[in-house]
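Fit chain B to the supplied structure of chain A, relying on the hints for placement.
There are 2 protein chains.
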Amino acid sequence: MEYKKTAGNVCAPKGFTAAGVHCGIRKNRNKLDLALILAECDCSAAAVYTTNRVKAAPIYVTMETLENGCARAIICNSGNANACAPNGLENARRMREAAAKALGIPGGDVIVSSTGVIGTELNVSVIESALPAICGGLSKNGGNDAAYAIMTTDTVHKEIAIELEVGGVPVKIGGIAKGSGMIHPNMGTMLAFITTDAAITPDILHEALSECTRKTFNRISVDGDTSTNDMACVLASGLAGNALIEWKDDTYLEFLGGLKYVCEHLAKSIAADGEGASRLIACEVTGARSEEAAERLAKAVISSSLVKTALFGADANWGRVICAMGYSKAPFRPEFVDMAFSSSKGRIQVCRDGAGLVFDEALAKEILSEKEIAINVALSEGDAHATAWGCDLTYDYVRINGDYRT
Amino acid sequence: MEYKKTAGNVCAPKGFTAAGVHCGIRKNRNKLDLALILAECDCSAAAVYTTNRVKAAPIYVTMETLENGCARAIICNSGNANACAPNGLENARRMREAAAKALGIPGGDVIVSSTGVIGTELNVSVIESALPAICGGLSKNGGNDAAYAIMTTDTVHKEIAIELEVGGVPVKIGGIAKGSGMIHPNMGTMLAFITTDAAITPDILHEALSECTRKTFNRISVDGDTSTNDMACVLASGLAGNALIEWKDDTYLEFLGGLKYVCEHLAKSIAADGEGASRLIACEVTGARSEEAAERLAKAVISSSLVKTALFGADANWGRVICAMGYSKAPFRPEFVDMAFSSSKGRIQVCRDGAGLVFDEALAKEILSEKEIAINVALSEGDAHATAWGCDLTYDYVRINGDYRT
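Line by line, the protein sequences are chains A and B. If you read the first sequence in numbering that gives the first Met the number 0, its first letter stands for residue 0, the second for the next number, and so on. If you read the second sequence in numbering that gives the first Met the number 0, its first letter stands for residue 0, the second for the next number, and so on.
Among these hints, one or two may not hold up.
Put simply, identical chains are the same to the list, so a pair is met inside one copy or across any two.
[Unchecked claim] Here are the simulated lysine-lysine pairs, DSS-like style, with alpha carbons at most 27 Å apart:
#, residue 1, residue 2
1, K214, K328
2, K364, K267
3, K267, K139
4, K364, K26
5, K267, K328
Keep in mind that the hints were calculated from the coordinates and are not lab data.
Just chain A, same shape as in the assembly (with noise of 0.2 Å):
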């Protein structure tokens, strides 16, 4: 389903404004490394969190602000990760209370999040110093710094804003996020901050979270490598007036089709800006037989780098995605496997019923040579599919993740 785009956005939504500011933890003065987003009211608020059993110090900062289901505001500084530093704890703490005390609100209420360098102390005074200027600087036009001051490698801010009913009521969601970048000298993160209006249910925006989650975020990857601060979280003022949305009937499925779009526009903004991509790879899975068979194969396609490379190359190497499928530990059955590739440029047949087909070379570069690339996977087997989002491996993510300290 399309949803109606507006201007913004994690202000768009009723009661949010947002800043961003360098405030030096980053030694380039023009890189904003301080966002702040702050609700007027009290939210709904819930996240999801980085699988890694190495979390950051500011992972488990947040699960506790969270315990309650609510939250005011989110503060996520760039440039360095507070994972494996010493003092994470107690650092992730004292920017939490001290952005708190400038804002009068309780440190309960502030989510934070960092994002950098791993194993280094992160320097708190100098946030504490910025809180001033940053909590100032807080508007409805502030969320454009705090999409930027959230980036690390990222080469373009990625936002959104939508407009829908709920229940009859215009709701909207806004959303930016960040990865996955590269930070001398460490690893990059996903990050994703979302606000609403909607009237919701703490638990029931946590379940609308994770489902979306499941289904977007979850199924992108850019190297395979899950960092250590990943979070995505969302905030619900509340201020759009729809009657409360506190189980599962017509209004959630609403609300969760517009969250699941602004999710999935993020995932494959984040998946499309993958360190030295070149292009966005969707691989389409359908006719399987469950809906995790689907997502399995799917997400084991986009994450091989042979696969990956080939389709930097523009070759429709098919092979490659059918040995994918078969290390996926995924069910199916080999040879009932069709596969075309697709793009703005058309589309072309490479395998049925899992044996190569003779096609037109010259064609498949065509299309393969397009920003936005697709792999349709089609198996007969069932009624389930999944889409997996990810990016080609070129020798930029080589020299940007190999070169950057020589």
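What follows is chain B alone, placed relative to chain A:
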């Protein structure tokens, strides 16, 4: 344990001859593309195969051959994988029967293997035409040609032969291997063909090969893509004259040690010659609560694209190592992790109790600029340990896999 290396490879043990020729599957006349290994008597035989759900036809045909645990010959072509290919099973059987006929042995005694292009029909006629020449060329000096004939984009041929005592009797084990190379237009394959003159029953030989594979071939990764054609097999002629190994007694352990040494040598040779690789990377995990945990951690580290690119840049980026450990799904306590990097240039500690140390960056760079480097992870949680081997991720990997058709 170290073993005495001897000259040659699969022909070093008593009872084996080999040959390699150019039959015409590959266009380049200077590239050997057909290998043959023959035993002068019936051998105990065992093999392990790819776990990919998409298996090449020769894998199934070899499974048939080895149902009775007995074989006399191995025939292998490079240039075409006979996977997802028209008439795959028919052609693999035809290749096996033709070889058997030329050698004057039963078809059920021939192991058949292919590596190369996926999805294209195998031209068995050229193999049949080359059989008189390759059978006529079988000799004790032919192992080298066989090792070259199974290469694809390998840059060096891989071979070893060792001598050991089993129950006081001199025994030899020899082997050749290939991988992980790339063939137009498809994926790499890992093949290892091992011979021995030890007397050992097929069942116990299979146990030994499985045990060794788990700790050697299954602990290497070049790009995480498990091929459709992977196979390791071993033929035991029994001509050494040792008392038949039929139980897991001391002589079994003597033989197992030698076989593991051979497998490890071939496995490390494959990892070191990974596509585009400039360094062999070993990740040694010690102090783990179980061998399985240690293995999972070590494999996650050497499979991480971010670790691989960092080590291409000789960058002591330990945060990426602990991050990969974190998403490995193996149990460990991050706060117990000690980590060092080492090579022939020395050793440098970079992390203690899960937190970063200040270290000499220049020395780290010198250590990591060697051809063989190790990541040493100590967990202080138990006595279990495991090592996995991989290689760095370089511009050449992207060039080989992305540019080869342009």
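Between K364 and K26, at a C-alpha cutoff of 27 Å, which is it: within one copy, between copies, both, or neither? For K364 and K26, only the inter-copy Cα distance (24 Å) is at most 27 Å; the intra-copy one is 43 Å.
Intra- versus inter-subunit Cα pairing at 27 Å for K267 with K139: Classified as within; 26 Å inside a copy, 58 Å across copies.
Classify it for me, K267 with K328: is the Cα-Cα distance of at most 27 Å met within a copy, between copies, both or neither? So K267 and K328 pass the 27 Å test inside a copy (25 Å) and across (26 Å) alike.
At most 27 Å between C-alpha atoms: does K214 with K328 qualify within a copy, between copies, both, or neither? both (19 Å within a copy, 21 Å between copies)
One pair to classify: K364 and K267, alpha carbons no more than 27 Å apart. Within, between, both, or neither? within (23 Å within a copy, 37 Å between copies)
No hint from the list above goes unmet by this structure.
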